[in-house]
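A.B. asks: Please work from the sequences and hints to get the whole structure.
Heads up: the protein sequence lines correspond to chains S and H, in order. The opening position of the first sequence corresponds to residue 1 in the numbering used here, with each subsequent residue numbered one higher. The opening position of the second sequence corresponds to residue 533 in the numbering used here, with each subsequent residue numbered one higher.
Read the hints as simulated data drawn from the structure, not as lab findings. Take the hints with a grain of salt, since some may be wrong.
As the list claims (entries may be wrong) - In silico contact screen, one side only, chain S against chain H (beta carbon under 10 Å); selected entries:
1. S279
2. D287
3. E294
4. D359
5. A362
To be verified - Okay, the calculated bits of chain H under chain S, using three or more residues with CB under 8 Å as the criterion:
6. 593-602
7. 619-626
Every residue gets a Cβ at the ideal spot worked out from N, C-alpha and C, and that includes glycine.
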Amino acid sequence: MRLATSPLRIILWAQWRTLANLRSGESRLARSLASLVGIVWYLLWTAVAAAAAIALARPRRAELALILPWGLMSVFFYWQLAPVITASLGAALDLRRLRMYPVPQDRLFLVEILLRLATSPEMPLVLAGALIGLWRNPAIPFWAPLIALPLYACFNLLLAAGLRGLLERAFTHRRVREIVAFLLVLAVGAPQLLVWGGLGNLGRDLSLRGPSISWPWVSFGRLACGQAGAEDWVLAALWLTAAWLFGRSQFDRSLREDRPETAPAAAVGRGAQIAGVASLLGRLAPDPMAAVLEKELRSLARSPRFRLVFLMGFSFGFLIWAPLARREGSFTEGYPVLVSLYAVLLLSEVLFWNAFGFDRSAAQFWFIAPAAFRNVLVAKNLAGALLAVAEVSVVLLVCWLLRAPLTGLRIIEVYAVAVTLCLYLLAGGNLSSLRFPRPVNPEQSWGRASTGRFQMLVLFLYPLLGAPVGLAYLVRYVSGSETAFFAQLSLAALAGAVFYHASLEYALKLVERRKEQFIQTLLEQGGPVLTR
Amino acid sequence: MHGVPAEPASPAIEVRGLRKLYGDKAAVDGLDLTVPRGCFYGFLGPNGAGKTTTIRMLIGLTTPTAGQIRLLGLPMPERALEIKRRIGLVPEESLLFERLTGGEFLQFAGRMYGLDRATAAARAAELLEFFRLNDSPRKLIAEYSKGMRRRLMMAAALIHRPELFLLDEPFEGVDAVGARIMKDLLLDQVRRGATVFLTSHVLEVVERLCDRVAILNQGRVVLEAAVRDLHSGAESLEDAFVRLVGAGQGLEKPDWL
Numbered sequence: 001m002r003l004a005t006s007p008l009r010i011i012l013w014a015q016w017r018t019l020a021n022l023r024s025g026e027s028r029l030a031r032s033l034a035s036l037v038g039i040v041w042y043l044l045w046t047a048v049a050a051a052a053a054i055a056l057a058r059p060r061r062a063e064l065a066l067i068l069p070w071g072l073m074s075v076f077f078y079w080q081l082a083p084v085i086t087a088s089l090g091a092a093l094d095l096r097r098l099r100m101y102p103v104p105q106d107r108l109f110l111v112e113i114l115l116r117l118a119t120s121p122e123m124p125l126v127l128a129g130a131l132i133g134l135w136r137n138p139a140i141p142f143w144a145p146l147i148a149l150p151l152y153a154c155f156n157l158l159l160a161a162g163l164r165g166l167l168e169r170a171f172t173h174r175r176v177r178e179i180v181a182f183l184l185v186l187a188v189g190a191p192q193l194l195v196w197g198g199l200g201n202l203g204r205d206l207s208l209r210g211p212s213i214s215w216p217w218v219s220f221g222r223l224a225c226g227q228a229g230a231e232d233w234v235l236a237a238l239w240l241t242a243a244w245l246f247g248r249s250q251f252d253r254s255l256r257e258d259r260p261e262t263a264p265a266a267a268v269g270r271g272a273q274i275a276g277v278a279s280l281l282g283r284l285a286p287d288p289m290a291a292v293l294e295k296e297l298r299s300l301a302r303s304p305r306f307r308l309v310f311l312m313g314f315s316f317g318f319l320i321w322a323p324l325a326r327r328e329g330s331f332t333e334g335y336p337v338l339v340s341l342y343a344v345l346l347l348s349e350v351l352f353w354n355a356f357g358f359d360r361s362a363a364q365f366w367f368i369a370p371a372a373f374r375n376v377l378v379a380k381n382l383a384g385a386l387l388a389v390a391e392v393s394v395v396l397l398v399c400w401l402l403r404a405p406l407t408g409l410r411i412i413e414v415y416a417v418a419v420t421l422c423l424y425l426l427a428g429g430n431l432s433s434l435r436f437p438r439p440v441n442p443e444q445s446w447g448r449a450s451t452g453r454f455q456m457l458v459l460f461l462y463p464l465l466g467a468p469v470g471l472a473y474l475v476r477y478v479s480g481s482e483t484a485f486f487a488q489l490s491l492a493a494l495a496g497a498v499f500y501h502a503s504l505e506y507a508l509k510l511v512e513r514r515k516e517q518f519i520q521t522l523l524e525q526g527g528p529v530l531t532r
Numbered sequence: 533m534h535g536v537p538a539e540p541a542s543p544a545i546e547v548r549g550l551r552k553l554y555g556d557k558a559a560v561d562g563l564d565l566t567v568p569r570g571c572f573y574g575f576l577g578p579n580g581a582g583k584t585t586t587i588r589m590l591i592g593l594t595t596p597t598a599g600q601i602r603l604l605g606l607p608m609p610e611r612a613l614e615i616k617r618r619i620g621l622v623p624e625e626s627l628l629f630e631r632l633t634g635g636e637f638l639q640f641a642g643r644m645y646g647l648d649r650a651t652a653a654a655r656a657a658e659l660l661e662f663f664r665l666n667d668s669p670r671k672l673i674a675e676y677s678k679g680m681r682r683r684l685m686m687a688a689a690l691i692h693r694p695e696l697f698l699l700d701e702p703f704e705g706v707d708a709v710g711a712r713i714m715k716d717l718l719l720d721q722v723r724r725g726a727t728v729f730l731t732s733h734v735l736e737v738v739e740r741l742c743d744r745v746a747i748l749n750q751g752r753v754v755l756e757a758a759v760r761d762l763h764s765g766a767e768s769l770e771d772a773f774v775r776l777v778g779a780g781q782g783l784e785k786p787d788w789l
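C.D. replies: Now the structure itself:
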């Protein structure tokens, strides 16, 4: 059977219609805001690309041969690791829905490769800037960058497609998924460890001076400078072939895989302990609030997504802040606070900003059950706060094991700061959960728990919501007084409580007004392209 | 089993001039409906007739554009919480929290409907057994099949012994044995005085279970009658349904087919 239209066009049209239909309910203000944030973000990267174009237009060939591989290595790591760092695997074909149609596998693979552009569109932009710069550089043959950089982009696209397929399939096995996800997250923190341990030279050796390995950024960098010998051409061809084979084989395996609609869920092996703790905490409040609280604690504790983030808080958090918080071989006093704040902010994505995301279609239950929505929201908040406090407690325990300085006063400070910040995050989270809900699969170890535009907005919200706590530290810095610090923190907590109360009232009005859109959004399914 | 407490003889469901507009299109267009207490009531209609929208308005999930709703003699949404305590709902979509086990969900639902912990736990265990969901009690709902999910929803709708059941396609995806268990149980509920309001596309099921039926088409009731009256006439329920919802319209087959 011949296809009258290109599958790429059909799939992109279906995806465009899906997104258009999803967004048709949004206000003009929300759409404008999303566009504005996107424009600012890509303007920044356009500036980086322009800087690359200017910087690479001047140097001599010998200098370029030294600096270009570093630049290409940065592009490589951003391209391949951005999905891990942002906890989003990006867009890909939903093969489960598409494989029933008579589309040749080659065409589907091509669409999949092109979708990799959407995962890190910043890097093609930067490579384009580099290409223009090198092309204008009189020291370099004009054809060299025109061949090398597009090939390097292809290499990255193929590798990214393969990695995504591999991760996606690995993550269907619960144990593997959680271990792999955790290791990948730790791997992102590895450069911090290298810096911390004074092992920077090792990285340089591996990337540029390795005696037996020529990394792809070295081979393609030399090609782009027009300085390549025969061995560089061969190596570049080998890297490209390897990436193609890897990408294609992973895609074919994903296509063949007969995965059920709902991946095998977590066993309830630890259910007894979780249920016991949840039941104990549930006695803090009367029903129906206690019932919701227990349900939240049980559900979250069994969600791979939540577990990964909880684990990251006290592992990854220590890694990335270690270089900043170590002075003369020992930890500074502020280290536990720093890691605790990071852990709470990390948790906020799964606990606060989209509190109904994991409920998905079941969120309707909250409107059907004979319980005031206020009780449901407060119980969800209480569960979130309890888990945040639990996270902080684990952070403190790890600090103690690492022999970080922990006095009684410092422990009080850590809890007080975390709880105060939680008040502000809960207040903001209640509004965002009802205004920007998004269905989230709790089975996924990672993936966005809130809408893309809201994630952008959150970047601006964090400093705003953290400002009252920051003010308390400013007071301590200026006055040098612990009393003044705690007095200011108490004021911040009081203001946070007022803010929380006001936002709760507003959220309750909001949900009454937007109930139907709220439920509808949580019921919605995507188009032919998955975004994770 | 105890019967439903006697109350003034207000209908179980009383709807007047109910209307729901989506833009210019009326999903439900001036619906008038009275469902007496203790009745097994079938609410039929073709796809898109407005059945699910009606149920969503009855329970308060969708706000009507116009009209009045009274359930069990109480106005909706003014007395929403009181009404919800006395209703059991099986909606079209899943309302199940996937990271709980079936037993945990039933206990949760029972407590949300006002049962104490012990009663909720005891009833949950009995319902799991009754609906044959206790084979693997540690299994999460995420692993349940569609039929198991429907049975679990039915169990959750029963746990607080409601006076009124609103059931939107409750037998969809349920195997013959499971469907039989559910049907027998619903008939028992009606015998004890509860009211069942059921939507289904399977006319034979409606014909066998229901006392009265209403057929909805394009948001309006086009027939409301006792099932036995239909039987006494020349038409079957299926004949009446096909005639009233406009069979023959738009059935011209494309040339190429």
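A.B. asks: If a hint holds in the structure, say so; if it does not, say that too.
C.D. replies: Verification of the supplied hints:
1. S279: It holds, given that the least Cβ distance between S279 (chain S) and chain H is near 9 Å, below 10 Å.
2. D287: 5 Å, holds
3. E294: Hint on E294 (chain S): holds, closest Cβ of chain H at ~7 Å, below 10 Å.
4. D359: Cβ of D359 (chain S) sits 6 Å from chain H, so the hint holds.
5. A362: Since chain H brings a Cβ to about 5 Å from A362 (chain S), closer than 10 Å, the hint holds.
6. 593-602: holds (count 3)
7. 619-626: holds (count 4)
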